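There are 2 protein chains.
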Amino acid sequence: MSEIVKEFELSKEYLQALETAIEEKNDAFIRETMEGVNPADISALLDEVDHDFAKYVIDILDNEVGAEIIEDLEEDTRTKFLGNFSPKEVADYITEMDSDDAVDIINDLPPKTREEVISEITDPETAAHIQELMRYDEDCAGGLMAKEMIVANVNWNIVQTIEEIRRQRENVEKIYSVYVVDDKRRLLGKVSVKDILLANDNTLIKDIFDDDVIAVETYLDEEEVATIMQKYDLDVVPVVNLQGKLVGRITIDDIVDVITDQAEEDRQLMSGLSSDVEEDDSIWAILKARLPWLIIGLIGGIVGAFVIKGFEEDMENMVGLALFIPLIMATGGNVGIQSSTLVVQSLANKSVFTDTLVKRLLKMVAVAMCTGLVLGSISFLFVNLYAEAYLGVVVAIALQAVVLLASFMGTVTPLVLDKIGINPALASGPFITTANDILGITVYLLIANLLI
Amino acid sequence: MSEIVKEFELSKEYLQALETAIEEKNDAFIRETMEGVNPADISALLDEVDHDFAKYVIDILDNEVGAEIIEDLEEDTRTKFLGNFSPKEVADYITEMDSDDAVDIINDLPPKTREEVISEITDPETAAHIQELMRYDEDCAGGLMAKEMIVANVNWNIVQTIEEIRRQRENVEKIYSVYVVDDKRRLLGKVSVKDILLANDNTLIKDIFDDDVIAVETYLDEEEVATIMQKYDLDVVPVVNLQGKLVGRITIDDIVDVITDQAEEDRQLMSGLSSDVEEDDSIWAILKARLPWLIIGLIGGIVGAFVIKGFEEDMENMVGLALFIPLIMATGGNVGIQSSTLVVQSLANKSVFTDTLVKRLLKMVAVAMCTGLVLGSISFLFVNLYAEAYLGVVVAIALQAVVLLASFMGTVTPLVLDKIGINPALASGPFITTANDILGITVYLLIANLLI
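Residue numbers (my numbering), protein chains in the order written: chain G, 1 to 452; chain C, 1 to 452.
Hint data in this document are derived by calculation from the structure and do not stem from the laboratory. Just so you know, not all the hints are guaranteed correct.
Same chains, same label: a pair holds when it works inside one copy or across any pair of copies.
In silico BS3-like cross-links for lysine-lysine, where the CA-CA straight-line distance does not exceed 27 Å [as the list claims (entries may be wrong)]: (1) K245 <-> K174; (2) K184 <-> K350; (3) K245 <-> K184; (4) K309 <-> K112; (5) K359 <-> K245; (6) K245 <-> K88; (7) K419 <-> K363.
All of these numbers come straight from a predicted model, not from anything done at the bench.
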């Protein structure tokens with residue numbers, strides 16, 4: 001980063017100095033060292049300290065800075081942390097925030113506190129905005145939008161529009177576009193601040209506005225909002241209700257959070273981590289996130305043992321059969337994960353031109369046959385090096401079957417999960433891998449049994 | 001999406017109608033049906049048709065619209081597609097684009113064509129911008145930035161600044177902020193268009209600009225740029241060179257692409273897909289991306305067979321030893337992937353307060369010991385159901401050892417990969433899983449050998 005912003009040493013040394021200053025109630029030191037520092041940096045620091053200490057720091061600073069710091073805290077830190085504040089204090093801070101951020105924070109509070117906080121909000125417009133936004137589900141456009149925006153009537157002229165911008169200058173920190181509506185507040189289009197700046201005072205909005213505007217409806221799922229904003233390179237998108245009335249706007253920074261959260265969720269599902277867990281969480285939290293999946297895997301392993309035991313006779317007749325169990329399992333697992341990831345990816349980039357299910361499956365079979373042929377041939381050569389020739393045949397045929405089966409499972413599972421509304425990334429996770437392991441071993445031993 | 005934009009039926013039916021229109025050279029139909037349609041939608045359509053057909057459509061449309069369509073095409077479609085254009089045509093289209101997009105496209109051309117295209121650019125400013133930007137590596141701030149922005153001298157007044165905006169109104173489509181520089185073009189701060197709009201004509205920039213601006217330097221890695229923009233909720237960030245001079249700006253839409261590409265790369269590495277492959281690629285492309293990893297897994301399986309063969313005597317002495325090979329392998333694999341994903345995640349959210357390596361490893365050991373204890377106990381109970389008691393002891397101890405080993409590998413591998421500049425997500429992929437499988441089997445059989 002450049003030198004232009006005040007260089008803030010987010011160091012462990014400063015953290016210690018800060019803790020000492022808090023203990024000694026050295027307000028001057030705190031105020032001085034934090035002046036001009038970006039609130040996001042202060043949040044990162046306060047995420048590390050004791051809640052009482054963090055409250056002490058926030059109390060010292062300006063209300064506006066404090067609000068920004070609270071906004072930027074990590075969600076779990078923040079929730080615990082706000083427990084130390086009175087409803088009145090929380091109300092004062094969220095009044096300083098954009099309405100979307102305010103609602104996110106209120107929604108995380110316990111229901112009783114929520115009501116208390118709302119009743120303490122003194123500005124009637126803020127209270128109305130918050131109550132309106134709380135009606136929407138958090139995962140849809142209505143739950144992401146904020147009310148702060150500049151709206152101009154299509155019949156206004158430039159002077160009237162500038163007057164409106166002046167009136168709202170404190171509420172609307174950053175103006176993306178001015179939205180143009182009719183008398184019933186139905187969205188008609190937008191006009192850029194640049195065009196307002198360059199127009200004459202008595203130019204009418206209706207003569208310069210752009211009616212080519214992409215809007216989303218309140219109920220649209222957040223991931224679809226993300227897809228639209230990404231596809232059309234939008235910084236901000238207006239939100240309309242079913243009657244086409246403008247009710248809010250969504251900015252790209254919230255969408256960036258949606259995208260990164262989604263990527264993290266996918267990664268965790270693929271790895272068998274059941275809740276939003278991080279390396280620096282407590283040992284207990286990590287165990288809680290990891291053990292369920294490991295136990296599923298373990299039970300799968302025990303079922304696998306049963307299956308092998310069922311073929312005990314074959315195993316005794318055919319020395320060497322056991323040798324290739326790992327090879328069969330590993331290949332099935334790898335093929336299954338590859339297939340499901342390809343499907344998950346194409347589900348994420350939905351297009352009307354996606355192949356039909358039949359075409360998909362035919363292609364899957366073609367790829368699986370080629371793969372099985374290559375892997376089967378290689379393994380046949382190797383197996384012959386240190387086992388009987390007919391074992392090579394068994395392994396090669398079993399590989400072909402396992403590759404086909406794992407490809408099928410890997411292709412169909414995410415499609416089914418997606419249909420029933422579950423994140424398809426789960427199909428690349430340990431549950432399916434475990435199922436594939438058991439299937440793979442069964443097929444292998446069954447083929448051996450039939451061929452001997 | 002709302003009804004406000006022209007509803008464009010991106011349907012298979014329209015695709016067919018379009019192909020017929022192209023064959024019949026029915027320009028009127030093409031022009032009429034595409035008027036007012038967002039170029040991004042036309043790109044999605046042209047991604048599906050033959051290159052010659054796509055060129056035909058683009059030739060019919062306005063140069064400006066054509067440029068936007070070309071920008072939005074998928075990278076591989078675009079590269080093949082531009083092969084049909086003369087250098088002069090390419091030059092005309094990229095002159096319409098923002099300089100960052102123009103450079104991305106030029107960089108994808110073969111070196112000879114690249115020179116020809118540049119020599120055909122008629123506007124000297126555009127040519128200079130492109131040549132300057134081509135100097136930067138694609139993955140750093142310099143490679144992401146564009147030159148189109150409004151820059152005001154700190155000594156100007158509002159009238160002069162508006163004059164500059166007017167002069168650039170065609171070049172700079174969207175004004176994020178006006179950047180403020182000194183006589184040597186060193187970045188001093190920024191001023192919002194809102195503030196310019198609300199100020200008096202003779203107000204001086206130096207009296208209203210905000211000197212609290214976050215900038216990045218040209219050499220900063222794109223992922224670090226993404227982290228900074230995300231942390232500070234920036235829509236745009238100015239780029240300065242080593243002398244602090246303002247050289248460009250990066251907008252959030254490019255960063256959104258960086259973030260999604262990164263997530264996709266991680267997912268592919270975790271699944272053993274070696275190149276940027278999609279479900280609708282050709283069978284050959286899919287095989288090329290999948291087979292290398294499957295063959296690595298296969299070789300791992302063959303090595304595993306060697307290992308088991310080495311313990312053949314034990315296997316014969318201890319009936320039932322083979323039964324639990326799948327259980328050991330699956331658990332080792334699952335534990336390893338969980339551990340590495342946790343580390344990859346915390347590497348992605350780097351913080352100065354991250355635990356030290358020693359603390360990390362101690363925690364890892366603690367979690368692994370608890371995990372091993374739980375899994376060992378469960379397996380001990382089950383194994384006793386259908387095998388000799390001492391086998392239960394062997395499995396339980398081996399599980400404990402394998403969990404510890406897999407946790408260690410899963411924790412250390414991504415850290416090492418990250419240190420040597422390789423994407424740590426690779427550590428959750430098949431290569432490491434294969435290594436873990438072999439290790440797991442070896443440990444299991446070794447423990448059995450020692451305990452019998």
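Hint-by-hint comparison with the structure:
no., hint, in the structure
1, K245 <-> K174, "both (22 Å within a copy, 25 Å between copies)"
2, K184 <-> K350, "neither (35 Å within a copy, 49 Å between copies)"
3, K245 <-> K184, "within (7 Å within a copy, 49 Å between copies)"
4, K309 <-> K112, "neither (58 Å within a copy, 66 Å between copies)"
5, K359 <-> K245, "neither (42 Å within a copy, 55 Å between copies)"
6, K245 <-> K88, "neither (33 Å within a copy, 47 Å between copies)"
7, K419 <-> K363, "within (21 Å within a copy, 40 Å between copies)"
The earlier numbered hints that this structure contradicts are 2, 4, 5 and 6.
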